[in-house]
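Guided by the hints, dock chain S onto chain Z, whose structure is given.
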Amino acid sequence: MSVAENLPEAPPQAAGDVILEVRDLTKHFHLGGGLFGGPPAVVKAVDGVSFSIRRGETLGLVGESGCGKTTTGRCILLLEQPTGGQVIFEGKDLTKLSPAEIRVVRRKIQVIFQDPYSSLNPRMTIGQMLDEPMAVHGIVPERRARQDRVRELLTVVGLLPSMASRYPHELSGGQRQRVGIARALATEPSLIICDEPVSALDVSIQAQIVNLLENLQEQFHLTYLFVAHDLSVVRHISDRVAVMYLGKVAEITDRTALYAEPLHPYTQALLSAVPIPDPEIESHRQRMVLGGEVPSALNPPSGCVFHPRCPIAIEDCKRIVPEVREVRPGHRVACIRV
Amino acid sequence: MTDVAADTLLDVRDLRTEFATSHGVVRAVDGVSWDVRAGETVALVGESGCGKSVSALSIMGLVARPAGRVVGGEIWFKGRDLLKLSEDEMRDIRGREIAMVFQEPMTSLNPVLTVGRQITEACEIHLGYTPTQAHARAVEVLGFVGIPDGARRLKQYPHQFSGGMRQRLMIAIALSCRPDLILADEPTTALDVTIQAQILDLMKDLSRQFGTANLIITHNLGVVARYADRVNVMYAGKIVERGTAREIYANPRHPYTLGLLRSVPRLDEPKRARLDPIQGQPPDLTRLPPGCAFAPRCAFAIDRCRAEVPPLTSVGGAHQSACWVADSLPGVAAKPVAEQVPA
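Residue numbers (our numbering), protein chains in the order written: chain Z, 767 to 1104; chain S, 129 to 471.
Since the hints were made in silico from the structure, they are not lab data.
Where hints are given, some of them may not hold.
Here are the computed lysine to any residue pairs in the SDA-like style, where the Cα-Cα straight-line distance is at most 20 Å [stated by the list, open to error]:
#1 K874(Z) with F986(Z)
#2 K332(S) with E1046(Z)
#3 K332(S) with K874(Z)
#4 K332(S) with M293(S)
#5 K399(S) with K1084(Z)
#6 K399(S) with L982(Z)
#7 K399(S) with T792(Z)
#8 K1084(Z) with I1102(Z)
#9 K332(S) with Q1052(Z)
#10 K283(S) with M293(S)
#11 K399(S) with K874(Z)
#12 K399(S) with E980(Z)
#13 K858(Z) with T792(Z)
#14 K332(S) with V1055(Z)
#15 K332(S) with R1051(Z)
#16 K332(S) with R1053(Z)
#17 K810(Z) with S290(S)
#18 K399(S) with V1055(Z)
#19 K399(S) with L978(Z)
Note that this is a predicted model, so its numbers are computed, not measured.
Just chain Z, with the same shape it has in the complex:
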């Protein structure tokens, strides 16, 4: 069951104070009853999610499409208004802030999007895109100084200062993602939500961007919420990992424990499904292939949402909604069979 337990672990980087705490977050989308009628229905995209992130650490948030990982990130960014729960950032509940206060906080929480092709404005130069957030937030009020800062930001992310005058279409995918990172850094944030930052990039470029994110974290003491579906990349970059399934947290613990000793059957299946780039190992690897598909969030299963696909489900799983319990120090699991 172990995945290379002999990890030369660096202690979780600067186990600082809690910078972000998400408490019982819910986000429900209401469908139907609109122009085309249809019965009103509720999608519970995020359904009672709680976790915290300490300053300077990286929390990986993994799961398959539709599990609510991106919506969780968007709620923290207040790009979605949460239906319930609290998002406490540096001691303040963001869901209770006035629009003016939100603007101030936005500076401190930035985002890197998945698709560097659609997240950059095609009509703005790279320089303008980096200049704008600094001007809006009054970070560098003087224009000339901002231009210097733009060049500095480009250098920090491994681009040439001369690229400030280029447009996004003139850059490759990897270069665009570097611009996306520079734009996030422009407001000097303390928390960055990285939403699938490497999954649209070629394999040979992914490693460059992952290394860059790690270097920047050290340099600027950043905190990351790293949302991704690639378990190998998440393991590499994260200090702790939360696994989501159908709007809920299935398991959350530190990286080593999650990969060496996954307790939730869904985590075990996910890890088992990842092919390892070595035909020798793959040829005699025992795998646990999950039957069925992720059910619709419109009509989630009763009890434990994972029970229809779960290899160890019992009768009770159909009616008992498992709470997230701490089964070992720092290791929380939502499963009554663990």
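Using the frame of chain Z, we list chain S on its own:
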């Protein structure tokens, strides 16, 4: 065709496909040769723009004209050169003898036809089935791909199926006419990891059951390791390394293959402090350097690499590499014995 193994099904020789763009001619596939034997699974691996998808489209005669065109080479399939066939003759082969599965099942299925019609149409046209026979065949192939309750599901439309189920439909359509070869272009890239495992296992099982050969086009080294018998690694329109999957992974002899293998984090290895990326950017196909296209990103390049294009030559039996310094490359970093991998 003297050097061709008796069971060779598809033999691609010196294929060249070009596209005219506003920035000049792009040699998307630049003199590529490879083959597929009956019943085996061959992978074309590489990153975006390396020519792997265009290779498949060239075989199917689906390169978008007038910008794109096959300008040279031969594609031998069961004794005929596909490049010499008329459009009518190709239409008989497409879907009948060589079928294709695309990455995006939603965009490759017709949204306004029932899925039943999309399967029966091919059987009626290619196999001359009556509507009743075609319907029976459609129910049968849905069973093969693990879609239960076929008779009812055939009356539904693609939007009533989930992503994984749609990809099963694509495979069902591909199988319906009992092709000899299925070209699968990134068949699982749009799918979640647990569904990806299901679909690839299904393709492997079906290949064993019916003896269908598969060509899998992918960028995912893990997928290749699990499913391919033989591998062709492509870079900038050329094959840079080929061999059995085991040779390629245990003993990569091209710096690009080596770089790819070293750059991905692996679940079965200790976490590294930092990853080892391939430096630089993917090549601009309109402005390739003289010599080896990978040389500008290569840590092992010597002067000769920047002047002369290295040919694909043997580095041991059928294992070939196109690299001037193939013999002096280091191995994949010594890795601790992975006693166990996640169960």
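Hint by hint, here is what the structure shows:
no.	hint	verdict
1	K874(Z) with F986(Z)	13 Å, holds
2	K332(S) with E1046(Z)	17 Å, holds
3	K332(S) with K874(Z)	49 Å, violated
4	K332(S) with M293(S)	17 Å, holds
5	K399(S) with K1084(Z)	38 Å, violated
6	K399(S) with L982(Z)	19 Å, holds
7	K399(S) with T792(Z)	34 Å, violated
8	K1084(Z) with I1102(Z)	11 Å, holds
9	K332(S) with Q1052(Z)	16 Å, holds
10	K283(S) with M293(S)	15 Å, holds
11	K399(S) with K874(Z)	30 Å, violated
12	K399(S) with E980(Z)	13 Å, holds
13	K858(Z) with T792(Z)	18 Å, holds
14	K332(S) with V1055(Z)	14 Å, holds
15	K332(S) with R1051(Z)	16 Å, holds
16	K332(S) with R1053(Z)	15 Å, holds
17	K810(Z) with S290(S)	19 Å, holds
18	K399(S) with V1055(Z)	25 Å, violated
19	K399(S) with L978(Z)	17 Å, holds
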